[in-house]
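Novice: Read off the chains here:
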Amino acid sequence: MTTTGISLDLAQELRAICGDNRVRERPTGGMYVSPSSAGEVAAVLALANRHGLSLSPAGGSTERNAAEVHVDILLHTNRLANIEHYDHGDLTVGVGSGMTISELSAMLAPDRLMFAGDPPCPERCTIGGLLATASHGPLRHGYGSVRDYCIGIRFVTGDGRRAKGGGRVVKNVAGYDLMKLLIGSYGTLAVITSASFKLFPAPRQTRTFLAEFSTANEAMRFRDRVMHSPLSPMCMELVSPAARKLLRPETNNDAWLICVRASGSDAVLNRYRKELGSAATREIEGDSERRIWTAIENFGYTDPDDSSSLIYLSAWPREVNDVIDTLLATSALAGVDTSLIGRVGVGLLLARVTDRKRTASEGTCALVHALRGKYAERLAVKVRGATNPWPLTPANIASMKAVKHALDPNNVLRGRQIA
Amino acid sequence: MPLSTIHEQLRRIAGSDAVLDRPEDLMLYEYDAGVRKRTPVAVVFPLNTEHVAQIMKLASFAGFPIVARGAGTGLSGGAIAPEGGVVVAFARMTRILEVDAENMRAVVQPGVVNQQLSDNVAHLGLYFAPDPSSQKACTIGGNVAENSGGPHTLAYGVTVNHVTGLTVVMPSGEVVHFGGKSIESNGYDLTGFLVGSEGTIGIVTEITVRLLRRPERVATLLGIFETVDDGAKTVSAITAAGITPAALEMLDGWTLRAVEAACHAGYPLDAGAVLLIELEGLAEQVEEQAEAVREVCFQQHAREVRRAKNENERMLLWKGRKNAFAALGRLAPSYYSQDGVVPRTKIPAVLQFIESVAEKHGLRIGNIFHAGDGNLHPLILFDPRDPHQLELVQAAGAEILERCVAMGGSITGEHGVGLEKRDLMPLLFTDDDLDVMLSLHTVFNPNNLLNPGKLFPTTRMCRETLGRSIHPVLQAEGM
Numbered sequence: 066m067t068t069t070g071i072s073l074d075l076a077q078e079l080r081a082i083c084g085d086n087r088v089r090e091r092p093t094g095g096m097y098v099s100p101s102s103a104g105e106v107a108a109v110l111a112l113a114n115r116h117g118l119s120l121s122p123a124g125g126s127t128e129r130n131a132a133e134v135h136v137d138i139l140l141h142t143n144r145l146a147n148i149e150h151y152d153h154g155d156l157t158v159g160v161g162s163g164m165t166i167s168e169l170s171a172m173l174a175p176d177r178l179m180f181a182g183d184p185p186c187p188e189r190c191t192i193g194g195l196l197a198t199a200s201h202g203p204l205r206h207g208y209g210s211v212r213d214y215c216i217g218i219r220f221v222t223g224d225g226r227r228a229k230g231g232g233r234v235v236k237n238v239a240g241y242d243l244m245k246l247l248i249g250s251y252g253t254l255a256v257i258t259s260a261s262f263k264l265f266p267a268p269r270q271t272r273t274f275l276a277e278f279s280t281a282n283e284a285m286r287f288r289d290r291v292m293h294s295p296l297s298p299m300c301m302e303l304v305s306p307a308a309r310k311l312l313r314p315e316t317n318n319d320a321w322l323i324c325v326r327a328s329g330s331d332a333v334l335n336r337y338r339k340e341l342g343s344a345a346t347r348e349i350e351g352d353s354e355r356r357i358w359t360a361i362e363n364f365g366y367t368d369p370d371d372s373s374s375l376i377y378l379s380a381w382p383r384e385v386n387d388v389i390d391t392l393l394a395t396s397a398l399a400g401v402d403t404s405l406i407g408r409v410g411v412g413l414l415l416a417r418v419t420d421r422k423r424t425a426s427e428g429t430c431a432l433v434h435a436l437r438g439k440y441a442e443r444l445a446v447k448v449r450g451a452t453n454p455w456p457l458t459p460a461n462i463a464s465m466k467a468v469k470h471a472l473d474p475n476n477v478l479r480g481r482q483i484a
Numbered sequence: 005m006p007l008s009t010i011h012e013q014l015r016r017i018a019g020s021d022a023v024l025d026r027p028e029d030l031m032l033y034e035y036d037a038g039v040r041k042r043t044p045v046a047v048v049f050p051l052n053t054e055h056v057a058q059i060m061k062l063a064s065f066a067g068f069p070i071v072a073r074g075a076g077t078g079l080s081g082g083a084i085a086p087e088g089g090v091v092v093a094f095a096r097m098t099r100i101l102e103v104d105a106e107n108m109r110a111v112v113q114p115g116v117v118n119q120q121l122s123d124n125v126a127h128l129g130l131y132f133a134p135d136p137s138s139q140k141a142c143t144i145g146g147n148v149a150e151n152s153g154g155p156h157t158l159a160y161g162v163t164v165n166h167v168t169g170l171t172v173v174m175p176s177g178e179v180v181h182f183g184g185k186s187i188e189s190n191g192y193d194l195t196g197f198l199v200g201s202e203g204t205i206g207i208v209t210e211i212t213v214r215l216l217r218r219p220e221r222v223a224t225l226l227g228i229f230e231t232v233d234d235g236a237k238t239v240s241a242i243t244a245a246g247i248t249p250a251a252l253e254m255l256d257g258w259t260l261r262a263v264e265a266a267c268h269a270g271y272p273l274d275a276g277a278v279l280l281i282e283l284e285g286l287a288e289q290v291e292e293q294a295e296a297v298r299e300v301c302f303q304q305h306a307r308e309v310r311r312a313k314n315e316n317e318r319m320l321l322w323k324g325r326k327n328a329f330a331a332l333g334r335l336a337p338s339y340y341s342q343d344g345v346v347p348r349t350k351i352p353a354v355l356q357f358i359e360s361v362a363e364k365h366g367l368r369i370g371n372i373f374h375a376g377d378g379n380l381h382p383l384i385l386f387d388p389r390d391p392h393q394l395e396l397v398q399a400a401g402a403e404i405l406e407r408c409v410a411m412g413g414s415i416t417g418e419h420g421v422g423l424e425k426r427d428l429m430p431l432l433f434t435d436d437d438l439d440v441m442l443s444l445h446t447v448f449n450p451n452n453l454l455n456p457g458k459l460f461p462t463t464r465m466c467r468e469t470l471g472r473s474i475h476p477v478l479q480a481e482g483m
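Going line by line, the protein sequences match chains E and S.
Just so we're aligned, residue 66 is where the first sequence starts under this note's numbering, counting upward by one.
Just so we're aligned, residue 5 is where the second sequence starts under this note's numbering, counting upward by one.
So that you can see chain S by itself, here it is in the shape it has in the complex (with noise of 0.2 Å):
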């Protein structure tokens, strides 16, 4: 099908003002907040899920792949456009569906920006946990694609644990439900499945989500160390301690640096590392706990222990925390972000490695990370327009992530495989492991029409999929 009648249809389909084609305006879905860029070859916005459908249908007939796109805020390509590719944007499906408070669940489009849906029913005293540091402008349709965490998911888990039913349209185009309200749903758990799947199965088109009570009392501790080591050794010893605080967040010294002078929020300039520490509850226990983790962080060599008084106090440290990949923008004209996971007791161990990668390669690499459940977000400071560098940058990130693995650990805990790491899927998963998952892949995405080139190491899916990938007709008519 020409790319004429495609737009054509994409037009008739969803409205005539719901369709970019036009160089300038594709330029601007030609990246997310990774490294990599396509330009789609259309950007289409649905409107509801029989949009999407047909969509889907039209897919499928013409035979072009599509990607589904949130807030262009994912940080592994996976919104990034396959060749030839039409972007499905939900910025015109951001309707809050239904709040129901009474069974502290909501129904959502998959444009609803992730603060927003805390906002809406932060008058119940409810709010959505899973918070990524882009929770401003990222969207819970996003969050679903990519199984999103944040700091709080040390206490409450990453999105999954927040879903309990899905509106999905499949490659075929039809409207499926998985799950519902309840907790538990009919069969097997779908919904589970789908979540995390990086829109290679499916496209959500509508998410039931748990909404958590806002807790009683939470208190924010920061504690400050001369070292490094000194507060990567604090994570273990607060584990150790049986207290599981509600986030718990490292700054290494160069990093805090940068983010205080682009911030304000009170970092000392000085310090090796800083913990931010976050408790949530019930009054009597936080106190406790915040006494506990004060004795905890000073037997741990701590130079000091500052609480939060009031909530402006705590907004300014979480602002910090926050905003610090965009300080960092003030630095280098990119940054690289990684997501290794290591067991936490293994802290220590892989900053000392991070520093040895960034010294052999002569490397700028900040350290800003959710410690609490060991999962690293190393900065790799570089300049996009030498392409050397962006090479160096990967390796080093490539090499970092295989010490993860051999720690024990994972090559991403929150961001997904996308694009960026799809070739080293081999460092975590033997050849049957992923085999079995793109069996799982082909039964529902047979023609590879959804999001191809994402999660699945390049070779394999060549091998294996992308050989069936040819117009679903022929592929009927035995041509």
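Next comes chain E alone, as it looks inside the complex (with noise of 0.2 Å):
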């Protein structure tokens, strides 16, 4: 089924569904297109339906490398970055998937309002691709995840139908929650053209205290201690010593490091203060702290030449240490550098794995080999940018292809694979 050549009349159907300039051929093979309309994206993928041709759609590209993407269509969403509404008084937006993070983020600072979604690379990274790979940065700690604010979804299904899912409205449980279904399905189930989110006022004021910890159980304890108090910080961010020396190469501290941003007034951040005590041993504003949570927000992405891989992890928030303890012991055994940072409050940890001596995706076989024996189902994982995302079979593996089946009955959506 798979493609090789494409037909001279192929590249003409595909421009006379999107434009002469819209449609090019692919150094790699294959063909590219950047439709403009939902429509358009409907007639691209009956158009693949009929030829039996593969697709996958691509955003900002910043969680794989589109080159590397090997399918007769990729099929490109910057073209879909329309506003379809902006209800500023009722907090909510509908834009389409091909805006960036940074775009919508642009559009909403005039009204002092915040779009929580904060992933790597936000200046690339598209709302279709947010949601396709359910990312997330050090907002969703305070703020939830895409899942949980976004409140509408328009995409094309792998066999062309057009459709939605919830709508424009705060709160709404009309017919099934598609939303939940293709947030983190990685484009294997449809083309996402549009979205409406829920926002949230932006902060007035925002101050990030610094704590540091010998070990990752210490720093652990800590994060216990800010859970149990009545502080409700919006960013809580593990950084191990490893990855201090990533985020600023100059520093030459050993210790673990917990990051809380608070938000609120004087009197709020004073809490704050008396809450978290001597442990907090600096307090940063401005531009340092804008530096350190960019910084951090951008730790989950690795340009293209670089050779370290990424591994996305969801643990128990309480085995968190020993999952950092398991992680580690690994990597010294394997012979592999392992960087850590979390939203260790949910649970959330990222590593950046690296290795000097061979391909950075034997070691992540390793750490992921460990992790599948000691914790079994009682951990999420996510490889960045691989093509089967979840290395760990989910164990709902069946439902998930009557799923797939439902939707992309034809597998044309197989720039992923689900198992």
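Simulated from the structure, these hints should not be mistaken for laboratory data.
Please note that the accuracy of each hint is not assured.
What the hints assert, rightly or not - Straight-line Cα separation of at most 25 Å, DMTMM-like style, residue types lysine to aspartate or glutamate; simulated pairs: (1) 323(S) / 220(S); (2) 439(E) / 104(S); (3) 339(E) / 292(S); (4) 469(E) / 435(S); (5) 466(E) / 439(S).
Claimed, not checked - Incomplete in silico selection of chain E near chain S, CB under 7 Å: (6) 234; (7) 235; (8) 239; (9) 242; (10) 249; (11) 330; (12) 332; (13) 379; (14) 445; (15) 467; (16) 470; (17) 471.
Claimed, not checked - Footprint (simulated), chain S over chain E, 3 or more residues, beta carbon under 8 Å: (18) 151 to 161; (19) 216 to 229.
Source: prediction; values computed, not measured.
Glycine included, every Cβ here is placed at the ideal spot set by N, Cα and C.
Since each chain sits alone in its own frame, please combine them into the complex, following the hints.
Specialist: Listed below in structure tokens is the structure:
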């Protein structure tokens, strides 16, 4: 079924749908198209179904290198960047999937509103990519995941049906929750064309409190203290000593770091100072605060020429410390360097694996193997950019296949594998 | 399979005392808190997942439809038995299987009552956030099926935001596990998809939920307004001020007088409307927000803003809100509650529209609702003994929902579609939208034995799925 040479007729058919200059051949084979409407997306998918072609959507290609995606049609969402609705009084917005996170944030800033998705590389990462990969940044701690604030989604299924789930209002239980199904499905079920979101008031002032610890275990005890306190920070991030060197190469500090970001009035920030006590040794604001959070946000991005690989983990909160120990011990045995950051309050970790001798993927395999053996179904693991994003076979694989069959019966969307 | 054999088989599975089949017993299971009725052919009370799996296999073999039922407090007819259907009631699956305070999770059976879970973990400083008004009776299984909300969903989200794992018996009788205790899972988010699928995809037998830590401070304010319009405008003004209360409820003057007569909550009898506003969190933050909310209320012409001085006063204010539906029962033999949603800036306009609908049809409509997220609950009073009145009331309800959709809203914010609103689904969804949902329904529930007749418009189901609803054995043999 897969592709090899695309016929001239097919290129012409694609041009007839999307316009002459919106279709071109890819150097690695296959075609590249950038449709400008959901209708065009549906027509391209119908064409792919008719001719038995494979297709993959692509946004800003921050999660994987699009050049390495071997499909007949790479569908770029960059021209699906319209504003469907912006109701600032209602704190809702709906935009095309090709809009970048930075563009959306810039649009909201004058109204002092905030979009809570802060994935790596926001200037390139698109709304569609954020949804498809369910990626997250430090705001995940205080604002929940995109699953929690996406209120509506429009898409074209693998078999070419234009459809939607949800709507534009913040509370809505009409029909099946198709947002949940598509978020984190890596473009294997449908091409997302637009989505609506709940927005949040932008904080008026923030401060970041830094606390250092000689071991991860001590850092986790501090996390527990914060979690048991009445504080509800915007962000709480763990940074391993190796990750600190990546974030700030000039640093020469071997301590584990926890960064707590708080927003509120002077009185509220004073309360943070009191509760965090002497454990928080530094407090930063302004440019230095922005710099550290941008660096943490972008930890989950690697350049195509960087040989590191990235593993996203979701652990039981109380097992985070144990998972860290397992990762570091296995890394030492496998001879790889692993640096870690994480939204540890909710049990999320990012491990960046670098192997100077071998390819990073071998090191990643060793880590995944060790995690599988020890945690089985207690851990969720995603490998950034991998063809199969879930190296631990999901327990519900039969149900996943049923869903795949319902929405993409001809398996057109095969830029990724689900098992 | 003859009915008597079905009864016998159900007894074999769940126990001789765990099946009801006498007409006088079945009558008690023919309704929920909505307005529709149908008598089931049997009610079975499973004790565990295995029982449910066996019941499902029997249903599949014998070709009878089944519907899961929690406490029957649903308002959309979701738990009403289909024709010839068996009710699987969860009154015996009421155990809290695990409280894991360190991970802030609990694992419960579907029959656990919502309030009981919060009560059970209160000594740990934890609670379960979704709080439907029926929380003293409704079950967590029912909350999962309908993706229930409640006043505090404004800040904390509906049920789906608080469920991380499910054990589900699929229509094939197979037991599957979705998600778990970790916040993310491997593969598609089928947990999120199952929540709110109204019992049409599988029957949930174990639920892993998130528990939240109780806030340090809670401030409950009562904003008293001369007119409904002033109260409604205050809702968007609070949002515009950058404040997200934990709850923001509105009662119109007529409703609050009815509620006050029944509950003595301390609501002012001569007000045009009141807003019940709850703020939660860090003490410093709550005090600042309480002051800011008070200012906003006065800017919007509030006559008075009261604050509950202690937990007793707070509980009293909430008692009025949570018992409001019941209180209206004093005024008419029955009521029909709607659940439409509008963008919150449209609340003043939609309330005016509801008033005009009431006038046009000569009906009495009270409004008591989750104003903060634009989730309306117009309560239309009527006498069910008069069939003409029920028709009129349903027509008025549909008119209101049509207007909600036209304003960019939805037909249901937390009650679910069920039987009641299935034929209004085309207001929101195109043929293709419904077709995609139906194709998901069909891969999991191919013989339409699980809660048939719910959620999807009757016309579509007749055309596309009911046609396939034949005996699976016959189907396998190509008959």
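Novice: Take the hints in turn and mark each one as holding or not.
Specialist: Hints versus structure:
no., hint, in the structure
1, 323(S) / 220(S), "22 Å, holds"
2, 439(E) / 104(S), "20 Å, holds"
3, 339(E) / 292(S), "18 Å, holds"
4, 469(E) / 435(S), "20 Å, holds"
5, 466(E) / 439(S), "19 Å, holds"
6, 234, "5 Å, holds"
7, 235, "5 Å, holds"
8, 239, "5 Å, holds"
9, 242, "5 Å, holds"
10, 249, "6 Å, holds"
11, 330, "6 Å, holds"
12, 332, "4 Å, holds"
13, 379, "4 Å, holds"
14, 445, "5 Å, holds"
15, 467, "4 Å, holds"
16, 470, "6 Å, holds"
17, 471, "4 Å, holds"
18, 151 to 161, "holds (count 5)"
19, 216 to 229, "holds (count 5)"
When each numbered hint is compared with the structure, no violation occurs for any of them.
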